[in-house]
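*Asks:* Protein sequence lines correspond, in order, to chains A and B. At the far end of the first sequence sits residue 413, using the numbering used here, and the numbering has no gaps. At the far end of the second sequence sits residue 191, using the numbering used here, and the numbering has no gaps.
Honestly, the hints are just simulated from the structure, not real lab data. The structure displayed is predicted, hence computed values, not measured ones. Take these hints with a grain of salt, some might be off.
In silico BS3-like pairs for lysine-lysine, Cα to Cα no more than 30 Å straight-line [claimed, not checked]: (1) Lys288(A) <-> Lys39(B); (2) Lys39(B) <-> Lys359(A); (3) Lys288(A) <-> Lys122(B); (4) Lys359(A) <-> Lys31(B); (5) Lys288(A) <-> Lys70(B); (6) Lys122(B) <-> Lys359(A); (7) Lys288(A) <-> Lys172(B); (8) Lys70(B) <-> Lys164(B).
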Amino acid sequence: MKFATAIIIGAGQSGLAMSKHLTARLIDHVVIERGEVANSWRTERWDSLRLLTPNWQSRLPGYAYTGDDPDGFMTMPEVISFFQQYAELSRVPIVAGTRVTRVRQEADGYELSTSQGPWRCRKLVIASGACNIGSIPSLANDLPAKVTSLTPMQYRRADLLPEGGVMIVGASASGVQLAREIQATGRRVVLSVGEHVRLPRIYRGRDIQWWMDAIGAMDVRYDAMEDIERARRLPSLQLIGTPERVTVDLNSLREAGVEFVGRFVGLRDGNAQFSGSLANLCALADLKMNRLLGSIDGWVDANGFALSLPAPHRYEPTDVGAETRLSLDLIAAGIRTVIWATGYRPDYSWLDVSVLDRKGRIRHDGGVVPAPGMYVMGLPFMRRRKSSFIDGAGDDAEDLATHLHQSLARAAA
Amino acid sequence: MTMTMSASIAAKIDNGVNVTALLGAREALEKAPEAAEFKWRATCEWVNGTHSRSSIGKFFGLGSEQSRDKTFVIEADHPKVFAAEDNAPTPVELVLSGLASCLTAGVAAVAQRRGIQLHSVKASLEADMDIQGILGIDDEVRNGFGAIRVHFDIRADASEDDIKAVVAQSQKRSAVFDIITNPTNVFVTVN
Chain A
1 MKFATAIIIG
11 AGQSGLAMSK
21 HLTARLIDHV
31 VIERGEVANS
41 WRTERWDSLR
51 LLTPNWQSRL
61 PGYAYTGDDP
71 DGFMTMPEVI
81 SFFQQYAELS
91 RVPIVAGTRV
101 TRVRQEADGY
111 ELSTSQGPWR
121 CRKLVIASGA
131 CNIGSIPSLA
141 NDLPAKVTSL
151 TPMQYRRADL
161 LPEGGVMIVG
171 ASASGVQLAR
181 EIQATGRRVV
191 LSVGEHVRLP
201 RIYRGRDIQW
211 WMDAIGAMDV
221 RYDAMEDIER
231 ARRLPSLQLI
241 GTPERVTVDL
251 NSLREAGVEF
261 VGRFVGLRDG
271 NAQFSGSLAN
281 LCALADLKMN
291 RLLGSIDGWV
301 DANGFALSLP
311 APHRYEPTDV
321 GAETRLSLDL
331 IAAGIRTVIW
341 ATGYRPDYSW
351 LDVSVLDRKG
361 RIRHDGGVVP
371 APGMYVMGLP
381 FMRRRKSSFI
391 DGAGDDAEDL
401 ATHLHQSLAR
411 AAA
Chain B
1 MTMTMSASIA
11 AKIDNGVNVT
21 ALLGAREALE
31 KAPEAAEFKW
41 RATCEWVNGT
51 HSRSSIGKFF
61 GLGSEQSRDK
71 TFVIEADHPK
81 VFAAEDNAPT
91 PVELVLSGLA
101 SCLTAGVAAV
111 AQRRGIQLHS
121 VKASLEADMD
131 IQGILGIDDE
141 VRNGFGAIRV
151 HFDIRADASE
161 DDIKAVVAQS
171 QKRSAVFDII
181 TNPTNVFVTV
191 N
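Turn these sequences into a full structure, and let the hints guide you.
*Replies:* Set out below in structure tokens:
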């Protein structure tokens, strides 16, 4: 059986950053990857997708974007080659094409069953991502047979969809991007809007991600939050990465012709039912956006930058319309596809160690899992607000590599 | 830093809501979710005509039957334009009152939690109903409300946006708001 002191599962940003930090501490390790480097970015993303963070913010330990468009947004092929180059430069010991099928606890570590034979390790870092499975509500089972059901991980581009109208469920990052793209092809698009986080792409001349970074919001630690569970459940930011740096929000989608309905709450005989709470969800998102813009303005004033930047401004409140429909006969309305942009969750079906809570989430304290020598990475707000961002992998990897190194040193002493 | 600040502000403000107890209950129920399963009950007896009398007493929660000091009585009837006696509000008005009370309680609790002192809160509600539905004149008209409008007048030591945020959060966490805005299965049996 093959052995490494530490095994990292997954060669995405988290696994690569962790490898770099383990190498720096001379800890022998391998990165087991089911496919190739950046596998999810290769195989589980739609064609037009670009990163939602600007190029300059693609930073990994000892590595950063050096191209001539720091404010642009990488396409998926660019993301893949960015990671590939990093893996080569950092000489990451990747065991590619190897799927982990089971992890069991042993006397002094873990035993991994993989598609290429077993491995043993003392320390295990789960860096297999936060978005392995599209979360689909159970009412999807009641969709009429004529309606195709998809997650954004299966969607590639609009012309591959069955002919006819499309209902997109969820108005966070994935939902609004797909609504914009599919509406532009002239199809009927109905967007079911639940809780969402509205943000302008550019504010006072800078990217919203630049502001969140500058005011320190991305570095806020998990143990400084009053209600970390709530912060971890927050939907993704309503953003799109385009060369034109456009803002996508419900108002711009409405102008483009997208129809809104409330949260999708029921399905009876092909008749979809929507919540009447849409106006409040939009009001919540508008208020929350204005609070963030207010903190940005406060930071600008406190640092004396007000004169060198465009003046503060506020955006039009979300126009939900006076009459929002509460039900829709999907077939009669010509809806032939439903895309569930209702969030993603990690897949731990292979993890045979009792570290999951009653909702199937892995238990951890800032990435330290309550099983000896086990760590997790890349989950939303895991150690910091930026933990699930490419730019967040480095700091988390450094913290956890330090923890891992110390526990090895203690065991050796 | 933020936590200490809001705690010291919260100590000075008093909306009569015991937030500490509520937060304690939340923490306890996160660890024992089965205790969070409640059952609410009402009984209703016909008096005469459209006049009825409901009694509300015991409920189930925190793992056992809960009794209270008294049984509450709520009557309902219909107004004279419906050829009734107008002994009490109509059931649909009681629904409006239930929504208003739920949102108002939420405003007080959220404001307390956010360290906002309330001075006055008044909710005014209006609902549209086309009674062709309940009279069976037009099957395309629903029986219930076409829309409900709620207006809050709130005086509090907070900015306009902070007050709006309290009202929005109150809707987000309101049971009656959820009951009204989302479908619920109703099972009726007869002896």
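*Asks:* Each hint needs a verdict: does it hold in this structure or not?
*Replies:* Here is how each hint holds up against the structure:
no., hint, verdict
1, Lys288(A) <-> Lys39(B), "violated (34 Å)"
2, Lys39(B) <-> Lys359(A), "holds (23 Å)"
3, Lys288(A) <-> Lys122(B), "holds (24 Å)"
4, Lys359(A) <-> Lys31(B), "holds (13 Å)"
5, Lys288(A) <-> Lys70(B), "violated (42 Å)"
6, Lys122(B) <-> Lys359(A), "violated (40 Å)"
7, Lys288(A) <-> Lys172(B), "holds (14 Å)"
8, Lys70(B) <-> Lys164(B), "violated (36 Å)"
The structure fails to meet hints 1, 5, 6, 8 from the earlier list, while all remaining hints are met.
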